[in-house]
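> Listed below, chain by chain, are the residues.
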Amino acid sequence: MPEIKNIIKGCLLGNRRDQELLYRRYAAKLYAVCLQYSGNDEEARDILQEGFIKIFENLVHYKYEGSFDGWVRRIVVNTALEKYRSKHNLYRVDDIDQIPEQNAEPDNEDYAGLGARDLMEIIRELPPRYRIVFNLFAIEGYSHKEISDMMSISEGTSKSNLSRARVILQRRVGSYTGLKKNLING
Amino acid sequence: MVDRGANIDIVFRNGLKDYEVLPPADAWDKIRPAVRKNQKPVIVLRVAAMIAVVFSLSFLAYKWSTNLSDRLGSFSFAVNPESENQSVAVPQRNMYRQAAIPVIAKQEQQEPVSDVVTDIPIPVANDNQVSPVLNNIEAENGPTFKGTLKSKNNIIPLEKSYTGQLNPNLYSPAFVSDIPEKPEDKKWTIAALVSPTYYSGFNSDHNALTSMLVSKEQAVISYSGGVAFAYKINKRFSVQSGLYYSSLGNELSGISSYSGFYNYDRTKNDHNFEVLTTNGTVYTSTSDVFLIDKISTIRISTNYTSDMFDPTKANLKYLDNSLTQNFSYLELPLFVKYKLVDKTLGINVIGGLSSNFLVNNTVYSSLNGGKYQVGKTEGVNPIAFSSSLGMGMEYNFSRNISLNFEPTFRYYINPFTGADGMRIHPYSFGIFSGLSYKF
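In order, the protein sequence lines correspond to chains W and L.
90 is the number that our numbering gives to position 90 of the first sequence; each next residue is one higher, with no gaps.
1179 is the number that our numbering gives to position 179 of the second sequence; each next residue is one higher, with no gaps.
Heads up, a few of these hints could be off.
Said to hold, decoys possible - So the derived label-pair ranges between C-beta atoms look like this:
hint, chain 1, residue 1, chain 2, residue 2, range
1, L, GLN1218, W, ASP118, 56 to 62 Å
2, W, GLU20, L, TYR1223, 42 to 48 Å
3, W, GLU57, L, TYR1395, 36 to 42 Å
4, L, GLU1378, W, TYR64, 21 to 27 Å
Unchecked claim - Calculated pairs, DSS-like style, for lysine-lysine (alpha carbon to alpha carbon, straight line, at most 25 Å):
hint, chain 1, residue 1, chain 2, residue 2
5, W, LYS159, L, LYS1371
6, W, LYS5, L, LYS1371
7, W, LYS9, L, LYS1030
8, L, LYS1371, W, LYS29
9, W, LYS5, L, LYS1216
10, L, LYS1030, W, LYS87
11, L, LYS1216, W, LYS9
12, L, LYS1294, W, LYS63
13, L, LYS1017, L, LYS1216
14, L, LYS1017, W, LYS5
15, W, LYS29, L, LYS1030
16, W, LYS63, L, LYS1216
17, W, LYS54, W, LYS5
18, W, LYS54, L, LYS1017
19, L, LYS1294, W, LYS9
20, W, LYS145, L, LYS1376
As the list claims (entries may be wrong) - Pulled a few chain W residues facing chain L out of the computed Cβ check, cut under 8 Å:
hint, residue
21, GLY14
22, GLU20
23, LEU21
24, TYR31
25, LEU35
26, ARG45
27, GLN49
28, PHE52
29, ILE53
30, LYS63
31, SER67
32, ILE123
33, ARG166
34, VAL173
35, GLY174
36, SER175
For the record, the hints were derived by calculation from the structure and aren't laboratory data.
Glycine residues also receive a C-beta, built at the ideal position from the N, C-alpha and C atoms.
Here chain L stands alone, though its shape is the one from the complex (with noise of 0.2 Å):
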């Protein structure tokens, strides 16, 4: 008995198996922006947020320095203990604030004594406190003083005090005796400079699969050094440059790699394995290795699929469950530095640009606290040019010897790779710290 049921099922299954019919010619048109649309611009917002790090963290630098570079290094006078009371000069008019202008300058500034109002006292005051007769001056005379007097222990720093013109009988020997000689401008300086390196990337591109490669790729702990020389073209600039060394790399979790497959390969290809990365794609160079991904199929590109080749019934050593893939960059560098604090301990903001070319390329895995290499990464870039912006801290032991601390952001402006699709921009974070020497 012929099931007619069944009968009218195969009619149109197989009527309608190949079927096709065009689609109206305008549907592509709204695919295409539903498509695009996941993609953020969430990169411009996680730079800001680095940026502003870095200078959080370099403005409470910044306070720490001048607190500590007061306590250390002002330069001032010392009132004779005896004479508390003593007066101290105070002009009426052509007064300004004068910070950090030492006073042998402002000798040649002098005018005459006989415009200068004089022997108008001023109480010794705690710090932070402005002196009541000063405050009467300015009611009287009009706008005299922008700022506070400051007074410790009957010393009276003059970087923080208000100089102008002073009663010249304070320049008397007495006083001046003690104020070193102006040092030799000292106009170059060379660093070594060594900072361990926190490596990561911007995912620009935010499409299914460089998200998905990014999820399974951690960097590992780099480090960058070098020696730069600087030259000092005015008090708070100067240019430096140098040459930098740095490593960087990825772990790729999830890929499990053995030896021993030499035995096993049959086929003439140069390679036996190609694995996607968001640096490029990694081919193998050897033979002898055996790659099989665990968490994605994706990633690995290769004819010996599990259906064909089985490696737990094969004889193969196994090595690790991750890939290391490590780049090494000659780096030169071209940065300004501006002298935000030039004392005992100095603040500098140094910002620049660097041309990175590529001198080592290299995936492995790990064996015992060795290193079995398994091939190197194609399509990465042979210079990468990167961004830096950074705090650097000086701490000048002697005129010429400085122990330097410089907490630096860098952005690479390319990315690493130009394969499509693969805008990862790499960054890194690091502290450097090193000698200096002025010449």
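Pulled out of the complex, with its shape left as it was, chain W reads as follows (with noise of 0.2 Å):
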């Protein structure tokens, strides 16, 4: 397999086989984080594809330092944020403000049966700004202060938007364990 700095090379130079091979080196992993960063797969395939121009655009400014998959990675997280800047007055989060927290939180060991591709239907179910919020603080490692500069909020609101979006999840993942566990039981 080649390096990662020669198929770099190759992909500045223009070289369209190059590309490919980038293309094919990380496009399952960044499609996974295109579908937790999108509603639904035509707007996931959208991230992916803007995502990967402007790494083809911007392969002249990595400068080596830090992982290469992290640097695509964030290309990608930041193309998801555009697409989610440019229709997010579609959206309406105060419809969801009143889910109740009671019971909402499920054992600890009830987290071991749910695979990634359960994780991933939970996690795409948020409502968007609990979902990209949840995803900046929670996987990326974004602090409230980030996130508020990233999308244009307050700090109060990424804090008030993640918390209800934990809310949601654990309480998805409750259902999901429970009809786990009524599936497997009989």
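Fit the two chains together into the complex; they arrive one by one in their own frames, and the hints show the way.
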């Protein structure tokens, strides 16, 4: 397998074979990120395509500092954010603000039965802004300050969105694990 | 107390960490053309612009030359100053413009005198003024003249006048005695020419890396010179060949070089550093040199990265903040020369193809005016083919010796390097000057 540095160099030279090699190497990993940030498959596919175009266009600025995986992931996440910003006014999050928190948290051991596919399904059911805030905070590791800047919202809104996202996820995880238990126990 | 919020974060973070989903099979199809679209075919426009510049310069030179030639070398009859009102015989028919045909040759084509209407007076007119008599003749007898009759101080330049069938009296010994004999036609010419050359390249790839590399490279002033032989096929056409030596190169800015690295080199590699350039990859040929790129992280490949070796803490001698890449070629041209103006100051159009053989390939850094050889460029084509187009001006000091002046545009058909994605087509513009000898 060719070294990533050689593939990058080939991409910078406009070599089609290397561009496709880079795509094949990262497409599955990045498509999962796209799905995680989007509500439907079509939007995820758009993010992937736009993200890869940005990756190829910005490769010349990659400084070989830090991991290349992290660099391409950041580009795709930013692309997802742009996509969200371009259509965020289509969504309203206020409608689901009334979700009760009590009895939402399942036991730790209940998480064990959930696969990545289940988690993906659960996270994609979140309202768009909750999903974005949760992903940025819990998965990518951004602070509320950074998220507020990225999404043009207040830190308080970011914290509130995260909190509500967690509640929804805990409830959904509970439902999934309960359903699974029922299926297993017959 | 368990932080349940953080707990669910960890569940999702760990659960999705390595998750992969294959995208739809046709997703790549939309990425592919979008990545290619920023490649613009500007090369054709740039070549066309350059050729237009050459032709514009040539046209100006041509106009200047014809004016100068009129004053310097027009072959003319001297009219007797006492006969200001002397008439010149003008035939009514069989009249045609015969510019630049010597009178001697015309003598053999005379028609009988009886066919010629003689003694129509032509008053001496100012420059660019057609004789009113001639206009009258044309009005009465149909078109006879298609140009102007020029006169200056009673001298009528034959090359500009309407000689046609002249009164045979004009060919009396008194008129023709000063006409020089037709010089012996010299077929061969040898010339020594030299030129400073501006050198650059057309980037026909427009990929991100090549564009970045181009922006970090500056052409250095080059020179070209050699000996040319020309053989005259006929009055207008010649073929020209010869042997030229040309030297050209690039300055790779932002790459600092140090000597004294030999004491720190712990590897057994053939070369410690590779530098990516538009003309190929530079491989260092000595383990004594250390290179560091101050403005880009892409150009240099080495095991001695900044985290492994810090040149500022080592006892190295600083050489320069740029490298110079030099190529020398022996050129074998095959040109065709077309003579536009054949006068004291002649004008030629020269064009053709050349084979350029690489004879020297070095990369060096400068040190106190001297050169410290760093290595050589790998992947350079040993033969480059170029096309040339130029305008030659030739001032004839005598029948044998001329001063030549040739602005020439040269375009290299194949890139210097065959490296994938590095399609830089070099071009150069030079003004060749030198002496030529006809024999």
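> Holds or violated: the 21 to 27 Å window for the beta-carbon distance between L:GLU1378 and W:TYR64?
holds (22 Å)
> Has the given pair, L:LYS1294 with W:LYS63, been kept, meaning a C-alpha gap of at most 25 Å?
holds (12 Å)
> For L:LYS1017 and L:LYS1216, compute the direct alpha-carbon distance and say whether it is at most 25 Å.
The given pair, whose Cα atoms are some 40 Å apart, is violated under the 25 Å limit.
> Taking the beta carbons of L:GLN1218 and W:ASP118, is their distance inside 56 to 62 Å?
holds (59 Å)
> With a cut-off of 8 Å, does the beta carbon of W:LEU35 approach a beta carbon of chain L closely enough for the hint to hold?
holds (6 Å)
> Please verify that hint: W:ARG45, Cβ, nearest Cβ of chain L, below 8 Å or not.
OK, holds: W:ARG45 within 8 Å of chain L, min 6 Å.
> For the hint on W:GLY14, does the least C-beta distance to chain L fall short of 8 Å?
The hint holds - W:GLY14 has a Cβ within 8 Å of chain L, the shortest such distance being about 3 Å.
> Would you mind confirming whether the straight-line C-alpha gap from W:LYS145 to L:LYS1376 stays at or under 25 Å?
It is violated: about 52 Å lies between the C-alpha atoms, which goes past 25 Å.
> Using the nearest Cβ pair, does W:TYR31 come within less than 8 Å of chain L?
holds (4 Å)
> For the pair supplied as a hint, L:LYS1017 and W:LYS5, confirm whether the alpha-carbon distance does not exceed 25 Å.
With a Cα-Cα distance of about 24 Å, the restraint between L:LYS1017 and W:LYS5 holds, given a limit of 25 Å.
> Closer than 8 Å between Cβ atoms is the bar; does W:ILE123 clear it against chain L? Give me holds or violated.
holds (6 Å)
> Holds or violated: W:LYS5 with L:LYS1216, Cα cutoff 25 Å?
holds (21 Å)
The structure does not agree with the numbered hints 3, 5, 6, 8, 13, 20, 23, 31, 35 and 36 stated previously, though it agrees with the rest.
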